[in-house]
Every structure is written in C-alpha cells, then in structure tokens.
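According to the working numbering, the sequence shown is numbered sequentially starting from -3.
Errors might be hidden in some of the hints.
[Unchecked claim] Straight line, CA to CA, 27 angstroms or less: simulated DSS-like cross-link-like pairs of lysine-lysine:
hint: 1; residue 1: K33; residue 2: K133
hint: 2; residue 1: K366; residue 2: K312
hint: 3; residue 1: K291; residue 2: K132
hint: 4; residue 1: K101; residue 2: K303
hint: 5; residue 1: K35; residue 2: K105
hint: 6; residue 1: K33; residue 2: K18
hint: 7; residue 1: K366; residue 2: K379
hint: 8; residue 1: K186; residue 2: K223
hint: 9; residue 1: K379; residue 2: K369
hint: 10; residue 1: K388; residue 2: K12
hint: 11; residue 1: K366; residue 2: K291
hint: 12; residue 1: K303; residue 2: K284
hint: 13; residue 1: K101; residue 2: K133
hint: 14; residue 1: K388; residue 2: K184
Quick caveat, the hints were computed from the structure, so don't treat them as lab data.
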Amino acid sequence: MYWANFLHIYQPPTQKEEIVRKVNEECYRPLVETLKKHKNGKITLNINACLTEQLIRYHFYDVVDGLGELAQNGQIEFTGSAKYHPVLPLIPEEEVERQIELNQKSNEKYFRGVYKPNGFFPPEMCYSRIVAEIIKKLGFEWIIVDEISYNGKLGQYENDHLYFVEAFEPLRIFFKERKISAAITYGKCKNLVEFKDLNRNILTKNIYLLTGTDGEVYGHHRPGQEKLLIEVFENSDIQTCTISELETFFKKTKATNPVSSSWSTWEDEIEQNIPYPQWDYPGNEIHKIQWELAKLAINLVNKTEKKFGRDESWQKARTLLDEGLHSCQWWWVSCRPWWDTQMADRGAEVLSQVILNLKRCEIADSVIEKAIKLKENIHNLAKKWHLSGKAKKLQDEYMKSHGDVTSLLTFG
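Use the sequences and the hints to build the structure in full.
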C-alpha cells in the first residue's frame, strides 16, 4: 500500500497573531522538524499564501525556509491554490483567476525556486466544472477533490486507478478518501497501530490510500497526533509518496465526470443539490446577507476600476476585497455544525471597509449606508441566533443527522 498524505495548512487573513503563533509552535514547526528527521517521509502540502505571509510577518523564517528545503529534497510536493481561501465556485471567474495568480506570485516569492506546483487544491475541496476548466487553462496538471465528487456517493472510486476529468484531458483528478481522513481528523487514528488496524484490509494490496486533512490536526487540533507521522515514517511496511508520484506506481486510468461538492458535503446534501452547504445553505439568512455584502463589494470594485484604478484608496479597496472573500466567515455561521459570531463579524468588517475605501470613487452615500447596514444586519442576526438558542438547535440537528461528524475541532 502506498500512502499519499495531503495536508492543507491555512489561517484566515483576519486571524489573531497569538493564534498563528500558537499553531506554529504546536504544528507547523514540529511538522518541518519531523520531516527533516525522517528523510524517507513524504507529503503533498498546500499552504495558502496568506499563511505564508503571516509566517513571514511574525518572523517564522525557519518554518518557511524549512518547507522550502523539504520541497527541494523531494519530501514535500507543493500544490497551487487561491491566496485568501475563497470558495471558488461561488465567486466570479475573474476573481477565481486573480486569487490563484496572487497565490502563485506570493508563494514563488517566499519559496523562491522550489515552489513549482503541478497540482491544485481548491479551498475546502469545493469543486465545479468551471473551476476545473480554469485550472486547466492556467496550466495545472491535476486537481484534488473529495471522493464524494466522483458521483455523489461515498466509496465508489477505485484506488488502483488514476482518473482524468472527462472533456478536460489530460487534467487528472485525484479523489481524497473520507473514512481514514475523518479518523485522523477526529483523533481516532493517533498512531501506527490504529492506522494499520483501520487499513488492515488493504495494507498488503497494490493500491493507494490518498488521505486529506487540515495539517493543523497534527499537534494543534489533536495534540500528540504527530506521533502517527513519526511512526509511519519509521515503518517499512508503508511507503509514503506524493500525489504526483502515484503516476509512477499506477497505470490504469479512467475518465470521469465529477459532481459539484466539497470535502464537507454529504450524500443527502448532494441529492438536494446543495453542493456547498457550509457556505451557501438555502434558508440560512446570515449566509444570504453575507453574500449580498460580498457581491456589492465585488461589483463596486469592478465598476470603479477603469476610472480610479490608480487611486490609492481604490487599490486599498482591491486588496481588502481579496482578503474579504475568505471562506471562514460563511463557514462559522453555517451551524453545520460550526458556529462563531466573531469570525462573521471580522469578515463583514473587511467587506464593509472595501466599500468605505471607495467613498472617494464617486460612490453614492446611499451605497455606503447600505454596506454599513448589511454589516450591522450580519452582526445583529448572528447575535440573535446565538442568544435565542437557534444556532445551538441547528448545530444539534446537524450532528444528529450526520453522525460521522463525531466532534467539533478546537480552533485556537
């Protein structure tokens, strides 16, 4: 069995400095040290450039340089992504391309000549056919998505085959399996013994295991879970490899036409045509207002660019819009099962500041007032859900109907 372990590390642009420092000490730095000590260990890694820049801002040069050295040595394979972690299928195509190009430019700057991604990680593994078309156009060779994208059901793809996106050949698509990934995420696969037990039916077979998790589960969300990596790297029964290296070991291929989904989407949600429930759930009034504010900001930035694009205030608004599209603000008011009103407030503040910075760009006072009102509505409605118990009720209903989500992760 070959284990291709995909890790995604990220912090939102609105994250507090003390949280970034804490996660760095508990996860990022130990991850680099673990890989350096185990020369045979390999992973595929996505690091969104907004995190790369935070590591530089707080002077964690050893971590950034260490990741670069590991990539140079072939132990880390970097992927491309979108700089500020937006949900790509839910934003305009022009914004999708811009976020990808910003990510590429920033990571190339800080990782210098070793940041050369062949593959692409869409944030939250939010897949759509349009996203696949864009990343093919931008020159990526493969994309990683959740296994539910295969046909809307779990356990359907074959892990001795490699796949191509139908009509987009030669763009390859890799499916992240969910069972072992969830076990790692929820602390049920903490060491080699548990890993082997969960994989006992496939350990000796000529197949691959492609897991995908937030990298922060190793040491931050799950203290001590880095032991799993150490013990696997020291065990000769399991060969770790990068995702791109799977082509070396597996030659059978199939074309497939994946469905829109994310790595948090469940079969019942696919059946209801709700592919991105944590970010755009029907009937979630907070989501509705958040998207109204986001779309207003996008439209105003685009509308004023031709006349004011060189103006300092417009350029500030443009940067704030890039940051303001990060996915976390929607995620944390989804109640599926996540809930944190502060994250929604921070996101709404950034998006409202986009519009306030355009005040000198011939934006009507009524539009400015609308943006402020939308921000206030997000805050007030989230507060109402919290105090009334509605948020807790929705969380409980979700957990009851989706039992595989066994516990909430701790952030910070």
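Verification of the hints:
no.: 1; hint: K33 <-> K133; in the structure: violated, 38 angstroms
no.: 2; hint: K366 <-> K312; in the structure: holds, 20 angstroms
no.: 3; hint: K291 <-> K132; in the structure: holds, 26 angstroms
no.: 4; hint: K101 <-> K303; in the structure: holds, 26 angstroms
no.: 5; hint: K35 <-> K105; in the structure: holds, 26 angstroms
no.: 6; hint: K33 <-> K18; in the structure: holds, 22 angstroms
no.: 7; hint: K366 <-> K379; in the structure: holds, 20 angstroms
no.: 8; hint: K186 <-> K223; in the structure: holds, 7 angstroms
no.: 9; hint: K379 <-> K369; in the structure: holds, 15 angstroms
no.: 10; hint: K388 <-> K12; in the structure: holds, 25 angstroms
no.: 11; hint: K366 <-> K291; in the structure: holds, 13 angstroms
no.: 12; hint: K303 <-> K284; in the structure: violated, 30 angstroms
no.: 13; hint: K101 <-> K133; in the structure: holds, 17 angstroms
no.: 14; hint: K388 <-> K184; in the structure: holds, 25 angstroms
Checked against the numbered hints above, the structure breaks hints 1 and 12 and satisfies the rest.
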